[in-house]
Amino acid sequence: MGGSALVEKGAFEGKFSLNYMKEHSTPGAGYVIERPDISLTGVNLINEDFFDPSRVAISSNIKYKGNISETWRAIANMKFDLGGGFELASVTGLNKIDSTLQFDFDTKRDDVPSGTALPGGLLNCLPGVCVGIFEFDNSLQQLSQELRLTYDSDNLRLLVGGYAFDENYRELDYTRFVGSQDFVTGNRTGITPRPSTLNTNTYSVFGSIDADVTDRLTLTGELRFNHEIIRAASATEFNILFQTGNPDITFRGKETFNNWLPRFNAKYQVTDDINIYGSIAKGAKPGGFNVGQVRADLRPFGQETVWTYELGTKGRIAGNLISFDASLYYSDWRDVQVTTICYGTASPFGPEAECPNATAVTLNYIVNAKKAEVKGAELGLVIRPADALTLTVNYAYADSAFVNFEARDVYPAPAGTDRQFGGNRMPLVPKHSLSGSVRYEQPVSDSASAFIDVSGRYRSSRYARFDNRVLLGNKIVADAQIGLKGDDWTALLFVDNIFNDLTPDFSRYWGNFNPSQPNGEYIGAPAKRSFGLRVSKDF
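Note that full-length UniProt numbering has the sequence shown beginning at 1, numbered continuously upward.
In short, the hints are calculated from the structure, not lab data. Note that the Cβ used here is the ideal one computed from N, Cα and C, for glycine as well. Keep in mind that a hint or two might mislead.
Here are the computed distance ranges between Cβ atoms for each label pair [claimed, not checked]: (1) G84 - N320: 33 to 43 angstroms; (2) E167 - I482: 38 to 48 angstroms; (3) R439 - N246: 55 to 65 angstroms.
No farther apart than 16 angstroms at their CA atoms in a straight line, the calculated lysine to aspartate or glutamate pairs in the EDC-like style are these [what the hints assert, rightly or not]: (4) K371 - E304; (5) K371 - D335; (6) K475 - D49; (7) K475 - D501; (8) K375 - D332; (9) K267 - D325; (10) K267 - E222; (11) K285 - E304; (12) K108 - E521; (13) K537 - D488; (14) K267 - D210; (15) K267 - E310; (16) K371 - D399; (17) K63 - D110; (18) K282 - E310; (19) K65 - D98; (20) K485 - D453; (21) K108 - E34; (22) K431 - E373.
Whenever a hint applies, use it, and build me the whole structure from the sequences.
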C-alpha cells in the first residue's frame with residue numbers, strides 16, 4: 001500500500017511517494033542426488049524428465065517461515081525550471097527492508113538427527129542424519145541522492161550532476177544443526193547469533209553532451225566517475241556444526257574502487273520513422289570480500305569491467321502497425337566475478353589449502369576470471385493490428401564464453417587441481433531466449449475495460465556453473481490473465497505455468513554430507529502451476 005502527492009507551484013514541481021509492502025514467501029525445497037556422470041568432462045543434463053517431484057523433501061520438526069519481509073520506500077522527485085532552457089532536478093530515495101529467512105537446508109524429511117556422539121555432549125550428524133535449519137535476520141537500509149542540472153535548446157542538450165548512495169546491510173545468523181548440543185532445537189532459544197555487515201558508499205559525478213549535428217545525425221558523449229567504498233565485517237571463527245567457537249566479529253575489511261565510465265552514441269535518422277545507431281560504453285561492478293572461512297589472501301576479490309559495442313536500429317513500419325528494435329552487440333569482460341567452492345574440515349575431502357580452518361563441509365567464495373566475451377543479438381516487435389489488440393515478440397541470442405580463466409577445479413573430489421576453463425560457457429546464460437504475448441483489451445463502460453492477456457517465454461539450456469558439468473534443460477512457460485481494470489484499480493484471474501513445466505531453474509554443488517557422497521548436486525524445485533485472484537488499487 002502507499003500513496004503519492006503532486007505539488008506544483010510556479011516553476012516548481014514535486015512528486016512525493018511513500019509505499020509499504022509486506023511479503024511472505026514459502027520456503028524453497030529440493031533434493032540432492034549424486035551426479036550420474038562422474039567422468040572428468042562429463043555433462044549432466046537436468047531437465048523435466050530428470051526432475052523427480054517425489055524426492056523433494058522438507059522436515060516437519062518446525063513450521064519453516066520461508067522469507068518474511070517488510071519494506072518501506074519513499075521517493076521525492078523535484079524539479080525547478082530556471083528559465084532559459086535550464087532545469088534543476090533532485091531525486092531522493094529511501095529504501096528500508098527488514099526480513100527473516102528460515103528454511104530446511106538438509107534436504108531431507110527426517111525430523112530427528114543421528115550420528116556419532118563426541119566428548120563434551122556434542123553430536124556429529126554428518127555420518128548419520130542431519131536436521132539443519134538455515135535462519136537469518138536481515139536489515140537493509142539504502143539512501144540515495146541525485147542532483148542534475150540540464151540545459152535544453154533546439155540542437156543541444158547538456159547535463160551535469162552528482163550522485164551519492166549509502167547502503168547498510170546487517171545480518172544475524174542463527175543457522176544450526178538440531179541436536180548438535182542439548183540446547184540446539186528447532187527454535188532459536190539459546191542460539192548465539194553471528195553478526196555480519198556490508199556497507200557500501202558510492203559517490204559519482206557525471207556529465208553529457210547531446211548534439212544534433214545535422215537534421216538527421218545526433219552525437220552523444222557521456223562520462224561518469226564513480227568512487228565506491230566497500231566495508232565488510234563478519235564472524236569467521238564459529239563452528240556452525242557444533243555451535244562452538246567465537247561468535248563475534250573477527251574480520252573487518254575495507255576496499256576502494258574508482259572508475260571512469262565513458263559512453264558514446266551516434267544516431268542517424270534514416271527516415272522520419274526509422275533510425276540506426278551505434279554505441280560504445282564501459283561498465284563496472286565493484287569488488288568486495290569473501291567473508292566466509294577462506295584463507296586471508298582470498299578474502300578480497302576484484303572489480304569487474306566490461307566494454308560493450310552495439311549497432312542497432314529502431315523504428316515503425318507499415319503505417320505504424322509494427323514497431324521494431326533490433327541490435328547486435330559485443331561485450332568484452334575483464335576480471336569477471338565467479339563463484340567457486342572449497343572443502344572444509346567437516347568434509348572427508350578437506351580441509352583444502354584455500355580454506356584450511358573452515359568448519360563447514362564446503363563453502364562458496366568468489367574469484368575473478370581474467371577475460372570473457374559475449375556476442376549477441378536482440379530483436380523486439382510490437383504489432384497492433386487493431387486498437388484493442390497488441391502482440392509482442394522478443395528474441396535474444398547470447399554466445400557467452402570465458403576466454404581466459406584458470407581456476408581450481410571443483411571435481412573430481414577431492415578437488416584442488418588448477419585447470420584452464422577458457423572456452424566454457426558462462427554460467428546461467430542461455431544462448432536463446434524468446435518471449436511473446438497477446439493482449440486484447442476492450443472498454444466495457446466509461447470507466448472500465450476488460451482484458452485477456454496470454455504470454456509465454458522460452459529459454460534454451462544453460463550451464464549451472466563455470467565448470468559446465470551441469471546443464472539445466474530448455475524451458476517453456478505460458479501464463480494467462482483475464483480481468484477488469486479502471487484508472488486506479490485492477491482485478492484479474494490468473495494461471496501461471498499453464499502446462500506445468502517442471503524443468504528446474506536452479507541447481508548447485510552440494511558438498512559431500514548427509515550422507516557423505518562425492519559430487520552431490522542440489523536440485524531446486526521449480527514453481528508449479530498456480531492460479532488465483534489478484535486485486536490492486538492505487539491511492
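Hints and how they fare:
1. A beta carbon spacing of about 36 angstroms between G84 and N320 agrees with the range 33 to 43 angstroms that was offered as a hint.
2. Under the hint 38 to 48 angstroms, the C-beta atoms of E167 and I482, about 41 angstroms apart, fit the expected range.
3. In this structure the hint that R439 and N246 lie 55 to 65 angstroms apart at CB holds, the actual value being about 58 angstroms.
4. Under the criterion of a C-alpha separation no larger than 16 angstroms, the hint pairing K371 with E304 is consistent with the structure, at around 10 angstroms.
5. Restraint check for K371 and D335: the C-alpha separation of about 6 angstroms stays at or below 16 angstroms, so the hint holds.
6. For the hint pairing K475 with D49, the CA-to-CA distance comes to about 12 angstroms; that is within 16 angstroms, so the pair holds.
7. Using a Cα cut-off of 16 angstroms, the hinted pair K475 and D501 holds, with the two alpha carbons roughly 7 angstroms apart.
8. For the given pair, K375 sits about 9 angstroms from D332 by alpha-carbon distance, which is consistent with the 16 angstroms threshold.
9. With a CA separation close to 14 angstroms, the supplied pair K267 and D325 stays within the 16 angstroms bound.
10. About 14 angstroms separates the Cα atoms of K267 and E222, which keeps this hinted pair within 16 angstroms; it holds.
11. This hinted pair checks out: K285 and E304 have alpha carbons roughly 5 angstroms apart, not beyond 16 angstroms.
12. The suggested pairing of K108 with E521 holds, with an alpha-carbon distance near 14 angstroms, which does not exceed 16 angstroms.
13. Our distance criterion of 16 angstroms between C-alpha atoms is met by K537 and D488, whose separation comes to about 6 angstroms.
14. In summary, the hint linking K267 to D210 is supported, as the alpha carbons are separated by about 11 angstroms, within the 16 angstroms threshold.
15. The suggested pairing of K267 with E310 holds, with an alpha-carbon distance near 12 angstroms, which does not exceed 16 angstroms.
16. In summary, the hint linking K371 to D399 is supported, as the alpha carbons are separated by about 14 angstroms, within the 16 angstroms threshold.
17. Pair hint K63 plus D110 holds up; C-alpha atoms about 14 angstroms apart against a cutoff of 16 angstroms.
18. Under the criterion of a C-alpha separation no larger than 16 angstroms, the hint pairing K282 with E310 is consistent with the structure, at around 12 angstroms.
19. Taken as a hint, the K65 and D98 pair is honoured in the structure, with Cα atoms around 14 angstroms apart against an allowance of 16 angstroms.
20. A distance of roughly 13 angstroms separates the Cα atoms of K485 and D453; the hinted pair therefore holds under the 16 angstroms criterion.
21. Distance restraint check for K108 and E34: the Cα-Cα separation of roughly 15 angstroms lies within the 16 angstroms cut-off, and the hinted pair is therefore satisfied.
22. Simply put, K431 and E373 have alpha-carbon atoms about 13 angstroms apart, close enough for the 16 angstroms limit, and the pair holds.
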